[in-house]
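Asks: Can you make the complete structure from the sequences, with help from the hints?
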Amino acid sequence: MDVIITYLPSLAVSAANTLLLFLACAGVGAVLGLVVAIMRTARLTILREISRLFIFVIQGTPALLLLFIVHYGIATLGIRLPPALSATVALSLYAAGFLGEIWRGAIEAVPRTQWEAARSLGFARTQALLLLIAPQAIWIALPATVGFLVSLMKVTSLAAIIGVVELTKSGMVIANLSFEPMIVYGLIAATYFAMCWPMSVLSRHLEKGQHATR
Amino acid sequence: MPNLSLQFWHVWPHLDTLFQGALLTIALTVEASAVGLVASLLGAYVLLSGFKPAAALVRGYVEVIRNTPFLVQLLFIYFSLPSIGIQVSANQAALMTMVMNFTGYTIEILRGGVQSIPKAQLDSAKSIGFSKLQTFSFVVAPQAIRNTYPSLTSQFSLLLLGSSVVSAISAEDLTAAANYVQSLNFRSFEVYIVAAGFYLALSALCRITFAAIWRLTFRRWE
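Protein sequences appear in the order of chains F and H. Just so you know, we're using the working numbering here: the first sequence kicks off at 1 and counts up by one. Just so you know, we're using the working numbering here: the second sequence kicks off at 1001 and counts up by one.
No lab work stands behind these hints, which were simulated from the structure alone. One or more hints might be untrue.
What the hints assert, rightly or not - In silico lysine-lysine, DSSO-like type, Cα no more than 30 Å apart, as pairs: (1) H:1119 to H:1132; (2) F:208 to H:1126; (3) H:1126 to H:1052; (4) H:1052 to H:1132; (5) H:1132 to F:208.
As the list claims (entries may be wrong) - Some chain F residues close to chain H (C-beta under 8 Å, calculated; not the full set): (6) 60; (7) 61; (8) 64; (9) 68; (10) 72; (11) 76; (12) 140; (13) 158; (14) 161; (15) 172; (16) 178; (17) 181; (18) 182; (19) 189; (20) 196; (21) 197.
Backbone N, C-alpha and C fix where the C-beta goes; we use that ideal spot for every residue, glycine too.
Replies: As structure tokens, then:
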């Protein structure tokens, strides 16, 4: 147990790293995901097909392989990225694939008549999307988006495998040093739980709230 | 100077290694989901049994599994069990963790499925002399699975892709095979792209198989 207290400060630092990685991937992923969702609902067939292929590939490939392709794969082609950057790139793409699909669903869940009403009032397509459809779509997409953020938080643990020193990686190191794998990994799991559970509860709460208003 | 030429021919001599890995990935996923399905039906039953302490325990289990990373669960199992004197191989630890993880998600799904069965059916089963076990296996389980079929099959696909993480504890799955091959030929980009192609093909195969199973079995009930 003493061993754990010794390593507590470094665990706190690596928990902060996990949070940072999560925020970076969620941020970049959200921007890319928005692009994917807009492409997915665009009028141009080529845009729709490209984004569909992107979603198919991202959702059909393990996140770990995305990490390997970005970190080790690109390195053999001569471009070496530091692990943290590789993880951010790979997991942002991962987030974009899932958020893009969630938000496409939300955009399409807004009744078509809303589009028609906007058009008949003389709104341009972009205006209609931004001013009328988006505010409604955001509300519809909120529970699933928060739910995906829980998955994203958990997926950041895979960055440990390519050597990013975040919560899971320092857990591996400390478990090796202390010979107390059960306590160390239990503590790591508890830390993840503390970060994920509030979001899970929020997601469920939002979902219930929406059913109540309908 | 970056060398951006792709050399996929370095991968082809190692395809059989990748196939071997893919076989273990498939085996792990099928075994874990079969065991997990039975376990989670029981879990769903406990949730609905009205026996409060047991239901609270199952609910706590579900929350813990859903809010912690698979990798941490895997490390916990693989390294903690030996520390309390239970030796497990990497493949066994992988299978156990996959069962536990899968169960955490499917209990909730199946609870909904079991709840959707009209109470009258349970009464009729009782009235024609079905025991509890018979009612469960011939009335409750098949319908619970049918009613939640789309959610269950998408959980299966997630399990398939998530299983790549077991390579982290040197289980010999598809991702581990890819790691091994790229350590031989140093063409990691091409190797991982081919492995990703394997996973894409496997998940497409899953979708086709599940659609076929649906057509052959459950659809005839309608």
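Asks: Does each hint hold? Answer for all of them.
Replies: Cross-check of the supplied hints:
no. : hint             : in the structure
1   : H:1119 to H:1132 : 14 Å, holds
2   : F:208 to H:1126  : 35 Å, violated
3   : H:1126 to H:1052 : 24 Å, holds
4   : H:1052 to H:1132 : 20 Å, holds
5   : H:1132 to F:208  : 34 Å, violated
6   : 60               : 4 Å, holds
7   : 61               : 5 Å, holds
8   : 64               : 5 Å, holds
9   : 68               : 5 Å, holds
10  : 72               : 4 Å, holds
11  : 76               : 5 Å, holds
12  : 140              : 20 Å, violated
13  : 158              : 6 Å, holds
14  : 161              : 5 Å, holds
15  : 172              : 7 Å, holds
16  : 178              : 11 Å, violated
17  : 181              : 4 Å, holds
18  : 182              : 4 Å, holds
19  : 189              : 4 Å, holds
20  : 196              : 4 Å, holds
21  : 197              : 5 Å, holds
Hint check: violations occur at hints 2, 5, 12 and 16; the rest are consistent with the structure.
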